[in-house]
Amino acid sequence: MDFSLTEEQTLILQTAREFSAREIAPKAAELDKSGRWPSEIIPKLAELGFLGMAIPEQYGGAGLDVLSYALAMEEVSAACASCGVIMSVNNSLFCDPLYKFGTEEQKRTILAPVARGEKLGCFGLTEPMSGSDAQTMVTSAEKTKDGWVINGAKNWITNGPHADFILVFAVTEKVDAGPGRPPKLKHTAFVVPKGTQGYSQNPHDHKLGIHAAHSCTVFFENCHVLDSAVVGGVGDGFKVAMATLDGGRIGIASQALGIAKSALGSSVSYAKERKSFGVVIAEHQAIQFKLADMAVELEAARLLTWRAASMKDRGVRHSMESAEAKLYASEMATRVAHRAIQIFGGYGYSTEFPVERNYRDARITEIYEGTSEIQRIVIAAGLLRS
Amino acid sequence: MQFELTDTQRHIQRAAADFSARIIAPQAHAIDEHEGIPPQILKGLADLGLMAVNVPEAYGGSEAGVVAYSLAMQEVSAACASTAVTMAVTNMVGEVIARFGTTAQRERYCPHLASGEYRAGAFALSESEAGSDPGSMRTMATRNDRGWVLNGSKQWITSGAFAGVMVVWARTADAQARPGTRGISCFLVEGGTPGLRIGRAEDKMGIRGSNTAALSFEDCEVPEDALLGELHGGFKIAMMALDGGRIGIGSQALGIARAALSESVTYAKDRRAFGGPIANFQAIQWKLADMKTELDAANLLVLRAAWLKEQNKLFSREASMAKLFASEAAWRICNEAVQIHGGYGYIREFAAERHLRDVRVTQIYEGTSEIQRLVIARSLLAG
Chain A
1 MDFSLTEEQT LILQTAREFS AREIAPKAAE LDKSGRWPSE IIPKLAELGF LGMAIPEQYG
61 GAGLDVLSYA LAMEEVSAAC ASCGVIMSVN NSLFCDPLYK FGTEEQKRTI LAPVARGEKL
121 GCFGLTEPMS GSDAQTMVTS AEKTKDGWVI NGAKNWITNG PHADFILVFA VTEKVDAGPG
181 RPPKLKHTAF VVPKGTQGYS QNPHDHKLGI HAAHSCTVFF ENCHVLDSAV VGGVGDGFKV
241 AMATLDGGRI GIASQALGIA KSALGSSVSY AKERKSFGVV IAEHQAIQFK LADMAVELEA
301 ARLLTWRAAS MKDRGVRHSM ESAEAKLYAS EMATRVAHRA IQIFGGYGYS TEFPVERNYR
361 DARITEIYEG TSEIQRIVIA AGLLRS
Chain B
1 MQFELTDTQR HIQRAAADFS ARIIAPQAHA IDEHEGIPPQ ILKGLADLGL MAVNVPEAYG
61 GSEAGVVAYS LAMQEVSAAC ASTAVTMAVT NMVGEVIARF GTTAQRERYC PHLASGEYRA
121 GAFALSESEA GSDPGSMRTM ATRNDRGWVL NGSKQWITSG AFAGVMVVWA RTADAQARPG
181 TRGISCFLVE GGTPGLRIGR AEDKMGIRGS NTAALSFEDC EVPEDALLGE LHGGFKIAMM
241 ALDGGRIGIG SQALGIARAA LSESVTYAKD RRAFGGPIAN FQAIQWKLAD MKTELDAANL
301 LVLRAAWLKE QNKLFSREAS MAKLFASEAA WRICNEAVQI HGGYGYIREF AAERHLRDVR
361 VTQIYEGTSE IQRLVIARSL LAG
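Which chain is which? The protein sequence lines are A and B, in order.
Just so you know, our numbering puts 307 at position 307 of the first sequence, and the rest follows in order with no gaps.
Just so you know, our numbering puts 47 at position 47 of the second sequence, and the rest follows in order with no gaps.
Please keep in mind that the hints were generated in silico from the structure rather than gathered at the bench.
Please note that the accuracy of each hint is not assured.
Claimed, not checked - Here are some chain B residues pointing at chain A (derived, C-beta under 7 Å):
{"#": "1", "residue": "Gln2"}
{"#": "2", "residue": "Arg182"}
{"#": "3", "residue": "Lys292"}
Claimed, not checked - Residues of chain A clear of chain B, computed beta-carbon distances all greater than 12 Å:
{"#": "4", "residue": "Ser39"}
{"#": "5", "residue": "Glu57"}
{"#": "6", "residue": "Gly180"}
{"#": "7", "residue": "Lys194"}
{"#": "8", "residue": "Asn202"}
{"#": "9", "residue": "Asp205"}
{"#": "10", "residue": "Phe289"}
{"#": "11", "residue": "Met294"}
{"#": "12", "residue": "Trp306"}
{"#": "13", "residue": "Ile341"}
For each residue, glycine too, the CB sits at the ideal point set by N, CA and C.
Let's have the full structure, built from the sequences with the hints guiding it.
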């Protein structure tokens with residue numbers, strides 16, 4: 001039992017904190033309002049090694065541990081949740097599976113430039129009618145002599161409009177499941193470069209929050225890729241997706257921590273300045289108790305997240321722990337941001353202060369990379385299995 | 001960041017788990033019903049070193065650290081919360097004496113607490129009109145030529161009826177000269193001291209097996225060297241003891257909740273409705289998932305506070321966070337456990353009903369949830 005950070009982790013934390021305060025936070029409100037892509041921030045994240053943090057240096061990464069990644073994610077997200085998710089998708093949903101399941105060739109030619117942040121990755125699992133339930137996937141890939149032809153659409157693809165590569169999942173086999181039952185789908189993951197014929201992107205979506213993190217629907221129309229595009233084994237796509245999401249959930253939990261930290265920090269400052277009934281509102285127990293609950297829940301979420309990260313670092317199975325971290329942190333972030341708005345009163349509802357942005361940004365963390373409902377299924381399954 | 005236990009911690013945890021499952025759990029129902037803990041159970045805990053887990057070996061303790069103490073508390077609490085609170089207070093008394101006592105005081109009391117020669121220790125701070133606000137206490141200690149004379153009464157004293165030694169707080173200066181908490185001192189009073197009267201045991205909602213007594217001091221004389229720590233320095237001792245005590249109560253809440261969850265999982269797999277085990281329903285799965293998530297979060301908060309204390313780092317805010325979160329989460333978990341058990345959750349045949357009664361007090365004693373929130377908010381706003 002040791003709850004302290006290593007020197008390296010402390011250094012990463014400080015670096016991320018200072019960088020985010022200096023380079024990102026001053027722009028966060030403008031990024032949210034304009035909804036523009038933070039193209040000047042991404043190369044700076046790359047320079048710090050934040051776009052391939054837990055990837056070994058030989059494949060272009062920073063060679064750090066998952067806990068350091070969680071720390072940096074929290075800090076970047078505290079400044080701007082859009083920047084946080086751009087970073088998270090590149091790290092967790094693209095680099096991580098490429099490193100874990102990719103061929104040596106894929107790691108050298110695709111992973112390395114993405115981990116260095118020269119290129120950007122995205123992840124295509126969700127479809128218009130297939131989210132939490134991968135058995136309803138429609139996108140398919142059919143075998144040709146030297147490769148595969150992919151057809152279908154994927155939506156809510158974060159980084160999609162800008163990404164140089166997509167890791168896309170398609171049905172490659174339908175196994176007969178017996179009379180009267182739908183066939184069981186087997187999936188395969190493919191890595192497809194932008195510009196491949198038949199692969200196109202819609203303009204970016206309009207969302208409640210994380211405005212600067214562009215997502216879009218992407219289309220595959222007779223998109224031909226070579227056998228060398230397969231990531232992991234043919235038919236192993238579901239396994240690749242689930243293992244990836246176990247890691248991704250640590251990233252999103254950390255994003256939620258950052259958003260909540262920002263909302264709590266703003267609330268503490270505001271409560272010490274704003275006066276009512278002759279005293280600063282921080283003197284009222286009504287406000288003190290809200291702040292205390294926000295802080296406690298934030299700490300609880302942080303420890304769950306760090307535990308999951310530390311388990312991933314040790315290479316032990318962490319599906320249930322990641323699900324707990326992601327479930328608790330995301331719902332916590334929404335509650336904390338909600339209370340922050342309450343503490344700010346009317347100012348909390350105005351776009352002049354960051355807490356309304358925190359509230360909008362927090363909301364997505366309960367949905368993407370597995371909704372809260374999916375996390376509960378994962379946790380309950382783990383409990384009932386034992 | 002490293003979440004594995006050391007060998008010592010694992011050893012203590014196993015010893016506590018084994019004793020709890022084998023000896024305590026089968027008697028938990030009877031302990032609740034008959035409102036008393038068999039003395040052999042308390043002695044058995046002492047024999048395993050669990051009555052002085054964080055007391056130096058030189059004074060008979062196990063010197064296994066605060067994390068080990070939390071783990072042991074969780075195990076015992078999972079079996080019987082009444083036994084656990086008796087153990088917690090005894091541990092706290094031993095620790096306070098080891099920390100603030102003179103060598104003579106340590107040598108005189110710690111070994112008796114550790115060995116089980118004293119069935120328990122007690123901690124007498126609260127009064128009928130002074131709970132969260134100890135500055136308003138009225139019990140007085142005045143000097144005479146032989147030592148100190150105590151007058152006043154104390155309330156909610158766990159193990160007050162049979163404690164071998166109790167830590168008693170009393171006012172040592174009049175309220176004008178040293179108002180509030182600045183005129184309070186701490187005394188060690190042995191069970192059976194003339195002038196110490198034990199009131200009747202409280203009839204409580206839960207932890208019914210533990211004794212909760214009112215005490216009155218009527219010209220109760222204690223020697224000069226019964227003073228623990230500095231004169232008028234009692235408040236500091238109380239606050240430090242409570243900071244540590246909160247880790248104990250957080251651990252108690254965790255243990256109760258863990259038992260409630262595991263019984264719920266078992267029940268959900270057995271009990272059938274609408275053609276299948278109720279564990280197949282998302283309504284039940286959701287509850288179980290939330291219970292597990294909050295339990296794990298509470299566990300991490302408690303162990304983090306324990307670890308900080310063990311490292312001699314500041315841990316007051318973290319202990320408050322741990323106690324607040326663990327006690328409230330544990331209460332929610334026990335409440336859902338009753339719900340999952342349905343009618344069987346409401347009757348005494350299943351433990352779920354006892355868990356819900358037992359867990360309720362963890363939001364009250366050793367600082368109410370409201371006090372924890374004040375501590376946390378103060379620390380947040382000071383930054």
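Outcome of the hint check:
1. Gln2: holds, 4 Å
2. Arg182: violated, 23 Å
3. Lys292: Nearest chain A Cβ about 5 Å off; hint holds.
4. Ser39: Given that every Cβ of chain B is farther than 12 Å from that of Ser39/A, nearest at about 34 Å, it holds.
5. Glu57: holds, 22 Å
6. Gly180: holds, 19 Å
7. Lys194: Lys194/A is indeed farther than 12 Å from all Cβ atoms of chain B, at 38 Å.
8. Asn202: Answer for Asn202/A: holds, closest chain B Cβ roughly 34 Å.
9. Asp205: Per Cβ check, Asp205/A is outside 12 Å of chain B; nearest 29 Å; holds.
10. Phe289: About 5 Å separates Phe289/A from the closest Cβ of chain B, which leaves it inside 12 Å; violated.
11. Met294: Check fails; 9 Å does not lie beyond 12 Å.
12. Trp306: violated, 5 Å
13. Ile341: holds, 18 Å
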